[in-house]
Amino acid sequence: MGCSRRIISHLKARPFNSSLSSIRDESFLCQWYSRSSIASASGHRHHHGHNQPHEAQRPSNAGFSPKTASFFSFRPSARWIATEPAANHASTSTSAVNNAVLEIINPNDCIEVFVDGHSVKIPKGMTVFQACEAAGVDIPRFCYHPRLSIAGNCRMCLVEVEKTPKPVASCAMPAMPGMKIKTDTPMVLKAREGVMEFLLANHPLDCPICDQGGECDLQDQSMAFGSDRGRFIETKRTVLDKNLGPLVKTVMTRCIQCTRCVRFASEIAGIQDLGVLGRGGSEEIGTYVERAMASELSGNVIDICPVGALTSKPFAFTARSWELKSTESIDVSDAVGANITINSRGPEVMRILPRLSEEVNEEWLSDKARFCYDGLKRQRLSEPMIRNAKGRLEPASWYDALKAVASVIAKSSPDQMAGIAGKVADAESMMALKDLLNKLGCENLRCEGDGLRPTADIRSDYLMNTTIYGLEKADVCLLIGTQLRNEAPLVNTRLRKAVRNNGAKVASIGPAVDLTYKHTHLGTGPETLMQVAEGQHPFFSVLAKAKNPVVIVGAGIFERADREAVMAAVQKIVEKATVVKEDWNGFNVLLLNASHAAGLDLGLVPGVGVSTNWKESVKFLYLLGADDTPLNDIPEDTFVVYQGHHGDHSVYRANVILPGATYTEKEGTYANTEGRVQQTLPAVPIIGDARDDWKILRAVSEVAKVKLPYDTISALRARMLAISPNLFRVDELEPSSRWVPDSKPAAPGKVDASPFKSTIENFYMTNSICRASKIMAQCTAAFSGSKG
Amino acid sequence: MHAGRRLAQAFAIARRCTSSASSYPQEKRSLTRWYSTALNLHKDSPDNNPNVPWDFTPANMATAKEIMSHYPANYQQSAVIPLLDLAQQQHGGWLPISAMNKIAEVLGMAPIRVYEVATFYSMFNRTKVGKYHLLVCGTTPCRLRGSCDIEEALLKHLGVERNEVTKDGLFSVGEMECMGCCVNAPMIVVADYTKGAEGYTYNYYEDLTPKRVIELVEILRRGEAPPPGTQNPNRFNSAPAGGQKTLLCEPKPPPCRDLDAC
Chain A
1 MGCSRRIISH
11 LKARPFNSSL
21 SSIRDESFLC
31 QWYSRSSIAS
41 ASGHRHHHGH
51 NQPHEAQRPS
61 NAGFSPKTAS
71 FFSFRPSARW
81 IATEPAANHA
91 STSTSAVNNA
101 VLEIINPNDC
111 IEVFVDGHSV
121 KIPKGMTVFQ
131 ACEAAGVDIP
141 RFCYHPRLSI
151 AGNCRMCLVE
161 VEKTPKPVAS
171 CAMPAMPGMK
181 IKTDTPMVLK
191 AREGVMEFLL
201 ANHPLDCPIC
211 DQGGECDLQD
221 QSMAFGSDRG
231 RFIETKRTVL
241 DKNLGPLVKT
251 VMTRCIQCTR
261 CVRFASEIAG
271 IQDLGVLGRG
281 GSEEIGTYVE
291 RAMASELSGN
301 VIDICPVGAL
311 TSKPFAFTAR
321 SWELKSTESI
331 DVSDAVGANI
341 TINSRGPEVM
351 RILPRLSEEV
361 NEEWLSDKAR
371 FCYDGLKRQR
381 LSEPMIRNAK
391 GRLEPASWYD
401 ALKAVASVIA
411 KSSPDQMAGI
421 AGKVADAESM
431 MALKDLLNKL
441 GCENLRCEGD
451 GLRPTADIRS
461 DYLMNTTIYG
471 LEKADVCLLI
481 GTQLRNEAPL
491 VNTRLRKAVR
501 NNGAKVASIG
511 PAVDLTYKHT
521 HLGTGPETLM
531 QVAEGQHPFF
541 SVLAKAKNPV
551 VIVGAGIFER
561 ADREAVMAAV
571 QKIVEKATVV
581 KEDWNGFNVL
591 LLNASHAAGL
601 DLGLVPGVGV
611 STNWKESVKF
621 LYLLGADDTP
631 LNDIPEDTFV
641 VYQGHHGDHS
651 VYRANVILPG
661 ATYTEKEGTY
671 ANTEGRVQQT
681 LPAVPIIGDA
691 RDDWKILRAV
701 SEVAKVKLPY
711 DTISALRARM
721 LAISPNLFRV
731 DELEPSSRWV
741 PDSKPAAPGK
751 VDASPFKSTI
761 ENFYMTNSIC
771 RASKIMAQCT
781 AAFSGSKG
Chain B
1 MHAGRRLAQA
11 FAIARRCTSS
21 ASSYPQEKRS
31 LTRWYSTALN
41 LHKDSPDNNP
51 NVPWDFTPAN
61 MATAKEIMSH
71 YPANYQQSAV
81 IPLLDLAQQQ
91 HGGWLPISAM
101 NKIAEVLGMA
111 PIRVYEVATF
121 YSMFNRTKVG
131 KYHLLVCGTT
141 PCRLRGSCDI
151 EEALLKHLGV
161 ERNEVTKDGL
171 FSVGEMECMG
181 CCVNAPMIVV
191 ADYTKGAEGY
201 TYNYYEDLTP
211 KRVIELVEIL
221 RRGEAPPPGT
231 QNPNRFNSAP
241 AGGQKTLLCE
251 PKPPPCRDLD
261 AC
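Quick note, the sequences are listed as chains A and B, same order. 780 is the number that UniProt numbering gives to position 780 of the first sequence; each next residue is one higher, with no gaps. 46 is the number that UniProt numbering gives to position 46 of the second sequence; each next residue is one higher, with no gaps.
In case anyone wonders, no lab produced these hints; they're calculated from the structure. Fair warning: there could be bad hints in the mix.
[To be verified] Heads up, simulated EDC-like pairs for lysine to aspartate or glutamate below, C-alpha to C-alpha not over 20 Å straight-line: (1) 545(A) <-> 582(A); (2) 390(A) <-> 636(A); (3) 65(B) <-> 105(B); (4) 211(B) <-> 175(B); (5) 43(B) <-> 283(A); (6) 377(A) <-> 348(A); (7) 43(B) <-> 290(A); (8) 102(B) <-> 290(A); (9) 131(B) <-> 164(B); (10) 518(A) <-> 105(B); (11) 156(B) <-> 175(B); (12) 43(B) <-> 241(A); (13) 102(B) <-> 44(B); (14) 497(A) <-> 359(A); (15) 131(B) <-> 250(B).
The whole structure should be built from the sequences, with the hints applied where relevant.
This is the structure we're talking about:
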């Protein structure tokens, strides 16, 4: 975000001035009402369609995806980041080919090998393949994947090692000291050509009708290493297609049996559905008994498949990879904040792919994040609407809609107003909502899913302090009131990694669910929690003895009436089992919504005077995309303003609808459950007469005569900087302070005996975008009941 | 050589092979040639679906436990092949899906891992076979010694196609690759599932002629057990027909240097 940084630093140099010139203010509303002037306005950063910020305009590598990246670029993940003594550094840096960087964690524990005559020092235990990568030499591969176990069955990575009679499969061969590896000898080239010929023997030549065309490893590598003709004249084999459910399309004849999908399913996703069946010429990938791939991560097999055997069913035949524009953005379907690439063509989002981020999502993405995009095209609110005297919503002009809202604001008293930020609200619009209501004198603000008595006093009380990446180091983990697999599939993947790699012991208190790895279900409710807190439960001693203990509390606890009591019990566990140590903070809260952390950082919590039964007296309710708040218990005469992008639950009650933008259409700041601040970028233009959310609130404020003192997003961000500086440091993680033990009231009340409820009934239907998505509905139909 | 000419040659060879082999329709033969056991896919049928209950008999369960005791507690799934074999013997020569699921349950492994093993090995039958499953060797030495004729005679006599079970459920004919009896080619194997896991036999019948193989079938049909091994009365095991041809006298010692003479 170089551009916005520059603007802000400029603002910082000149102290923030709340009274901007009246000419600027007039021009804001003037532009507001006529769309054409917005596009032509200078000095503002509007992102409508082609008018993109330069960060979003990537060079024409539209086909860039994890797949192609894996081959043609040297992955950051493959680098070994650490430091090396300066004396040795010169030799390493000169030896590297293609400017590859290799830094060694422990210089005493490394060996020297020679790749194409260049010396390279690598840690012990690395393979020949990794040594070549470290030297900056790209080795073609199909079955090798850095995050999966080694299979060694495609033979594409053959290299020559001096004093071995045959070419060596480099991915499966450990590097030995002094090994002389050659990657460009005639023997290697011939071996690659031969392997390629065998792979293509049974591979159909249907690239023109294959969805993988243009981003296919087999296509690319056969161009690079294959022969221009094959000698195979027999009939090519055909394989029956499998039905893996509504997300993954299979054309099994194209499969080259690399087994990446099988390894992904069993190692990362933790479902034992896929296998290699048969042998020799009739070997195939399948499930044997017909079944859909019941995983919330199944879409990732599309990315790791190096050929077109597994492709996206919803994306099938809709676009070619090279006609797509890529925009690097952030997912908002859960609080993980997975990094995504939005592929769009013109005004339409065509597909969503994961983007590499070691700290957050590695290179995976949940199915909901990947496939909910068709919901962006359905049920959209495209123009302002006002409910008429007959109770029907009628389209209105922005002027009338804003006037209607302002007239009610003028009539309402501040203590009868309320504002709720929805699940996918961005920090900018939440800031504007808070400022608007505060200026009116109202302090009744909250985020959705925050319960009756929200608190944002201590940042470490609502964040995942261990960080998602840090969970890999855990050795004992206690889950309290969370269904990790449904609430945050990618956090679950990290914990699964800890279970697989360090044999971490996981126990859960709450609804019994299948977490895809071995865990102990201690109990369903606070009773068990109290036992652990009192140290009576045997698991307590396991937790207390752990080196890196982790406690994860689900945000579902926030909705409970006995929230303080439950949190006090958790606090007791954390204290007694020393979960927070000098160098380790194992206390975590797993939030459910993308907006939640930023909302709490900005202080979207009710002020001290706000009563818990505020709903009874509310007269003016501002919903910022809040669709999951029950509205049946508010009075008949409450004036409800719904600002959002989808005609979902809340529009049935809304008196005025102000159409906003989705996360694919706006530049918004989000903080994920660990407090990492990331930004979305507009990939497609806002539809219809809808507007950026913060601009709507800014316009409301002006018509309501409580003008907010910012009319650019940079000025708004400068305001955020004043409230919560961390939200300004994009792509950074502001570490939370060490947990303060004495922060809770001494008498938190009694614990209710009712068991912890499951927070997500249906993984595929959690926000308004998902609920509008046909693909998510198909998933619901296909997988209903199969998820814990 | 031009690709077109090579293609024409290959087709000519393929035509020769199929037309000379038998009078059966060509496409049927070529299909069964590749799918010697079954598709790598389970299709539910009345006698083979996951709802059909299946369990080891008490005696076989004891055997299974004994087999599993050979392996460390954390490597119980190593016992999957012997257990599949045991289940197949118990179930009359083939493995229904519920048997594989049971083995997965017994060994604490995912069912798909059992399916992987069962589909990999051609000696595990995942579709019904006869009580006597006859496997004709189809590898080069047996082919050269006339195993095609043996198979044809069997199929004609039983009135079935390859991998088809006779109406009385007694016989089925399959094909197997080299079983290491090349010196006594052609040969067949008779897997006898009539007596369950206890009386299970897997016998080689060697030096066959089309006439002799039909005699064997008839002996089996009567419930008798023909003597396994070579069916050539002039041969003993793998020795030459008509008695020994070599080593007829005391072998001469190897020519050694006379060390004393040095």
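Do the hints match the structure? See the list:
1. 545(A) <-> 582(A): OK: residue 545(A) and residue 582(A) at ~16 Å, within 20 Å.
2. 390(A) <-> 636(A): The given pair, whose Cα atoms are some 14 Å apart, holds under the 20 Å limit.
3. 65(B) <-> 105(B): holds, 13 Å
4. 211(B) <-> 175(B): holds, 19 Å
5. 43(B) <-> 283(A): holds, 18 Å
6. 377(A) <-> 348(A): At roughly 8 Å apart (the allowed maximum being 20 Å), residue 348(A) and residue 377(A) satisfy the hint.
7. 43(B) <-> 290(A): Distance of about 8 Å is within 20 Å: holds.
8. 102(B) <-> 290(A): Holds - the C-alpha atoms of residue 290(A) and residue 102(B) are around 18 Å apart, at most 20 Å.
9. 131(B) <-> 164(B): holds, 12 Å
10. 518(A) <-> 105(B): Answer holds: residue 518(A) to residue 105(B) is near 16 Å, not above 20 Å.
11. 156(B) <-> 175(B): holds, 15 Å
12. 43(B) <-> 241(A): holds, 14 Å
13. 102(B) <-> 44(B): It holds: about 17 Å lies between the C-alpha atoms, which stays within 20 Å.
14. 497(A) <-> 359(A): At roughly 14 Å apart (the allowed maximum being 20 Å), residue 359(A) and residue 497(A) satisfy the hint.
15. 131(B) <-> 250(B): violated, 49 Å
In summary, the structure is inconsistent with hint 15 from the numbered list given earlier, while agreeing with all the others.
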